[in-house]
Amino acid sequence: MKKTVMLILLLSVFSALAEQNNYQLQVNGLACPFCEYNIQKKLSKLDGVMSVEVILKDSQVNVRMQEGKKLPEAQIKQEITDAGFTLMAVRKSDEEK
Amino acid sequence: MKKNRFTHYILLLVLPLMLSIHAKAAPITFNTALPVAKESFINREQFVFKRFKKDKSLADRDLSVNALVSVVAYGVNSKLAVFAALPYVQKDMSLTAGSSRISRSSSGLADSKFFARYTFLQKDQRGQTLRLAAFAGVKAPTGSDRQSDRFGILPVPLQSGSGSWDNFAGLVVTRQKLDYQIDFQLSYNSAGKANQFRAGNQWNADASFQYRLFPKSLERSTKHFVYAVLEANYSNQNNNRIMAIKDVNSGGRLLYLSPGLQYVTRKYILEAAIQIPVQQDLNGLALESDYIMTTGFRINF
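Protein sequence lines correspond, in order, to chains F and Z. Residues 50 to 146 in my numbering are what the first sequence spells out, letter by letter. Residues 7 to 307 in my numbering are what the second sequence spells out, letter by letter.
Treat the hints as calculated values from the structure; they're not laboratory data. Please read all numbers here as calculations on a predicted model, not as lab measurements. A hint or two may mislead.
Partial list, derived from the structure: chain F residues whose beta carbon lies under 10 Å from chain Z [as the list claims (entries may be wrong)]:
hint, residue
1, GLN73
2, LEU79
3, CYS81
4, SER100
5, GLU102
6, ILE104
7, ALA132
8, MET137
By construction, the Cβ of each residue, glycine as well, lies at the ideal position given by its N, Cα and C atoms.
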């Protein structure tokens, strides 16, 4: 019984420590649905990315990551530039946790 | 000999028509400065129907051109994109020769265009962009220029291909916001010589205004736009030359107004426009345009 409680406690601590890195990007230059496709395509192929949501009206891109995975800002910037747009800001977001 | 005279007669009557097929990317009837993402493809298929039947000559010419134009765009990087436009055409012409009415036609792969576009100005803001790009390319003689019928070899403008290499270049500027998009393009086409024929060089000025009709306001989940489109296409073409002699019944100035509709999604665009000539100041007996109908789709890959 004591061992089981310890195990549950350990798992809880481990789970709390496992970082979920979601990102909220502000992307400038994005003004029609046909353009957002390439942002979604380029970010979705990156390691650890679970989903990409583009909110056109706010020029916002939400990137949901797998647990423990991170995206370097330089890599995000490169992908957005390659898609033909300008990355203005990157914020870590807890929204999708 | 009689055949040759007849062919020459046809040639003189139809030379005014230079039926160029533009590779188009975002406005419906011409190009845009919007990006093609690095290592990505856009495929565009256009169905173009052209009708020319306002004839000032006694031949009462009636020409229709149906074309399927396949365009592939590839993003080398975020600034540089390359395009290939491969058209397939069907041309039919009827006219009165003497006391009888005759028809002549051709079909097949037409001349292809290959060009590159470089974006040298990009000002991005939240929900909007301003871009300026330059493009240049060649029209390669991939179409047949030796088709014939029972009257002999077809005149140059009725051939699927011209036989000549042409060069073209231009500038395009695009202002895009969430509610609307405006494009302007200025381009110049310098025609090469083939089969003793050189088409007149041509200036084009095009403008496009696209206004979002639907949805009226944007939601978080908005993924489809419907644009009302109004475009204007102006061209000024010099006289053609046959065996270095100016053809007085060719070239001139032409202005089209082109209303249209576009349905835009993330993955594809559906579009249609009709180009209506509102001013035709053509030289001599050059055949006037009735309309050009363009419809098609483009797909992101």
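Right, here's what the structure says about each hint:
For the restraint placing GLN73/F at the interface with chain Z, the shortest Cβ-Cβ distance is roughly 13 Å, beyond the 10 Å limit, so the hint is violated. Nearest Cβ of chain Z to the Cβ of LEU79/F: about 7 Å, under the 10 Å cut. The hint holds. Hint on CYS81/F holds. Least Cβ distance to chain Z is approximately 6 Å, under the 10 Å limit. Because the smallest distance between the Cβ of SER100/F and any Cβ of chain Z comes to about 14 Å, over 10 Å, the interface hint for this residue is violated.
Given the 10 Å rule on beta carbons, the hint for GLU102/F holds: about 9 Å separates it from the nearest Cβ of chain Z. The beta carbon of ILE104/F comes within 5 Å of a beta carbon in chain Z, closer than 10 Å, and the hint placing it at the interface holds. With a least beta-carbon distance of about 5 Å to chain Z, the hint placing ALA132/F at the interface is held under the 10 Å criterion. The criterion of a C-beta within 10 Å of any C-beta in chain Z is met by MET137/F, whose closest approach is roughly 8 Å, and the hint holds.
Comparing the model with each numbered hint stated earlier shows that hints 1 and 4 do not hold.
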